[in-house]
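**Student:** Residue numbers (numbering that gives the first Met the number 0), protein chains in the order written: chain A, 0 to 293; chain B, 0 to 302.
Just so you know, these hints were derived from the structure itself, not from any lab. You may find that some hints are simply not true.
[As the list claims (entries may be wrong)] Pairs of lysine-lysine residues, derived as DSS-like cross-links and limited to a Cα-Cα distance of at most 27 Å, are as follows: (1) B:Lys265 with A:Lys208; (2) A:Lys203 with B:Lys155; (3) A:Lys203 with B:Lys111; (4) A:Lys203 with B:Lys245; (5) A:Lys291 with A:Lys206; (6) A:Lys90 with A:Lys200; (7) A:Lys50 with A:Lys65.
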Amino acid sequence: MAFIKRYKLDSLLLPLIGLGAFLMLWLVIAGRIETRKAVDEFGDPVTKTVKTGISPDLPTPGETWKASKPYLVEPFAKRGELDQGILAFTKLSLILVMQGYLIALLIGTPLGFFLGLSKAFTKAMDPIIQVLRPVSPLAWFPLGLVLFSSVKLMDGGGKTVFGASDAAALFTIAICSMWPAVMNTAVGVRAVPQDYLNVAKVLKLSKAKTLFKVLLPATLPYMFTGFRLSLGIAWLVIVAVEMLTGRPGVGGFLWQEYNAGSYSRIILCILTIGVVGLVLDRLMSLVEARFKTA
Amino acid sequence: MEFLEIKGVSKGYGLPGSRTEVLRDINLSVEEGEFVAIVGYSGAGKTTLISMISGLLKADSGSVKLRGEEIMEPSPERAVVFQNYSLLPWLTVFENVALAVEQVFPAWSQAKQREQVEKYLAMVNLTPAAGKLPRELSGGMRQRVSVARALATEAKILLLDEPLGALDALTRATLQDEIVRIWEQDRRTIVLITNDVDEGILTADRIIPLSAGPGATLGPSVAVDIARPRDRRALNHDPAFKHVRKQVLDYLLGPGGRQKTLVSRKLSLPDLLPENLNEPRTLFGVRRKPRRRSEEKLETVEV
Ligand SMILES: Nc1ncnc2c1ncn2[C@@H]1O[C@H](COP(=O)(O)OP(=O)(O)O)[C@@H](O)[C@H]1O
Ligand SMILES: [Mg+2]
């Protein structure tokens with residue numbers, strides 16, 4: 000063990016062991032395809048393929064790879080609306096997530112500031128926020144459809160480019176992912192050291208100057224923690240939203256492949272969602288760390 | 000008319016009922032250009048007092064006046080060097096000072112504002128550190144930025160709240176000299192809060208002890224009639240130094256010292272009676288309670 004530690008192999012070796020164990024478990028659950036020679040009722044020899052395993056419908060890693068390969072080797076291919084390379088789908092999902100996420104930040108950050116600044120406002124809003132926060136995207140989406148039922152933007156050719164379901168999708172992503180940004184901003188504003196506020200008071204900084212020169216910079220580290228958590232939720236919600244709308248994207252693709260019975264590609268989608276989520280979180284962590292040191 | 004005049008000021012914290020009076024009957028007048036040191040125990044209410052002069056806090060009763068005008072709110076004409084520097088950590092040294100200058104002299108041209116910042120950074124020997132962030136500086140350097148920020152606003156009065164409290168002895172000594180040097184340049188009124196009598200003796204014209212809290216009040220002020228520049232090496236044997244120190248300490252350790260609190264509480268002596276070991280301890284599975292003399296109605300005593 001000392002040898003392994005010394006060469007920092009453990010940070011490479013141990014994850015590999017973990018990965019190996021995970022694949023083993025997958026193999027055990029999915030089982031193997033076995034070809035058996037048998038004799039049918041007419042006495043003819045036939046070969047039968049049987050799948051052994053705890054959950055025989057689950058594709059094996061090999062099958063998953065084979066079925067996913069076309070989507071991976073040509074990641075940006077567009078063969079049809081719901082038959083695109085995996086990165087093309089990811090891009091579509093990301094665009095939608097970013098739109099909803101931006102709306103969440105544009106509403107959530109000022110809301111958080113007001114909550115942090117005013118005790119009365121906090122008291123007034125707290126019960127509503129506590130009730131709305133745990134509501135699932137699946138519950139918000141129909142409400143979004145109702146709210147925006149009259150939204151219909153058409154292009155020159157009379158084709159709808161932005162309809163009720165698009166509005167509802169953005170609404171769902173925004174309202175689900177808003178809360179960490181709201182809460183963290185509020186906590187950050189409340190945590191601004193009295194010393195900084197005293198400096199602002201002694202210099203008689205105006206309200207606007209106090210906000211931009213003192214409150215905002217002092218709150219930034221908290222805000223970015225909230226923004227990172229919000230982005231995680233937005234990405235979590237996207238799958239549900241795409242499933243409900245049938246929009247092309249990673250989630251939409253996943254649902255379509257489930258309905259089509261090609262389970263291998265579900266696994267491809269899950270892995271993609273996981274990896275993209277991880278990358279987004281890491282990117283936000285980098286931004287967050289930059290503000291932490293300030 | 001006095002320059003700064005504090006009359007009958009008291010201040011407490013907390014809601015009625017659980018309120019503690021921190022300062023009571025504070026009277027102080029400071030002349031223009033005077034360097035006054037207030038020496039007191041930690042927790043006595045020194046920061047509270049300076050906050051009332053700066054306008055960050057309002058007195059519960061009494062009045063705080065500057066040139067005859069009641070102090071109602073903070074203002075850059077009363078510059079404060081806070082106990083914990085209070086530099087904005089996301090601004091560089093230059094920007095921290097510039098924020099104050101831009102705010103106080105908005106009509107000045109950018110070049111003139113810049114010049115002002117540079118002048119005061121040079122005064123505290125921080126020109127080379129102008130582009131650094133506060134976290135890259137030592138405690139002494141941060142405190143000097145804080146002093147530069149206060150000076151650059153050209154305030155009428157400087158309120159220094161234990162500015163050197165967190166520094167090591169050597170840095171302290173250097174900065175004490177620096178503060179005196181700057182004060183001698185343009186003789187702006189300074190109220191220096193400190194917990195170090197010697198610091199007051201070395202820097203101030205007058206030392207006023209603040210008694211220990213709660214309900215702290217100012218003691219008799221002691222003039223420091225010692226010619227400047229004062230030599231800190233003479234501190235321990237020069238009779239003039241020793242005399243001032245004795246007067247201040249006599250108050251702080253005597254009438255202005257920590258009050259001994261008297262608490263009266265009822266003493267209860269143990270009154271358990273010895274257990275009779277011949278009787279079974281438990282009766283029907285219930286353990287007998289210990290017998291107390293105060294609860295016994297009938298006691299049999301063998302004579
Ligand atoms: N905002 C506050 N609320 C309640 N008590 C306070 C507050 N500020 C200070 N105190 C109390 O008042 C007393 C004096 O505090 P302070 O003026 O900071 O003392 P010093 O600066 O002399 O160390 C202390 O006992 C402290 O606990
Ligand atoms: Mg203090």
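**Student:** Indicate, hint by hint, whether the structure satisfies it.
**Tutor:** Here is how each hint holds up against the structure:
Our distance criterion of 27 Å between C-alpha atoms is broken by lysine 265 of chain B and lysine 208 of chain A, whose separation comes to about 59 Å. Simply put, lysine 203 of chain A and lysine 155 of chain B have alpha-carbon atoms about 16 Å apart, close enough for the 27 Å limit, and the pair holds. Between lysine 203 of chain A and lysine 111 of chain B the CA atoms are separated by roughly 21 Å; this keeps the pair inside 27 Å, and the hint holds. A hinted pair counts as satisfied when its Cα atoms are at most 27 Å apart, and lysine 203 of chain A with lysine 245 of chain B does not qualify at roughly 42 Å.
A hinted pair counts as satisfied when its Cα atoms are at most 27 Å apart, and lysine 291 of chain A with lysine 206 of chain A qualifies at roughly 25 Å. Using a Cα cut-off of 27 Å, the hinted pair lysine 90 of chain A and lysine 200 of chain A is violated, with the two alpha carbons roughly 48 Å apart. For a cut-off of 27 Å, the pair hint linking lysine 50 of chain A to lysine 65 of chain A stands: about 17 Å separates their Cα positions.
Hint compliance for this structure: hints 1, 4 and 6 are broken, all remaining hints hold.
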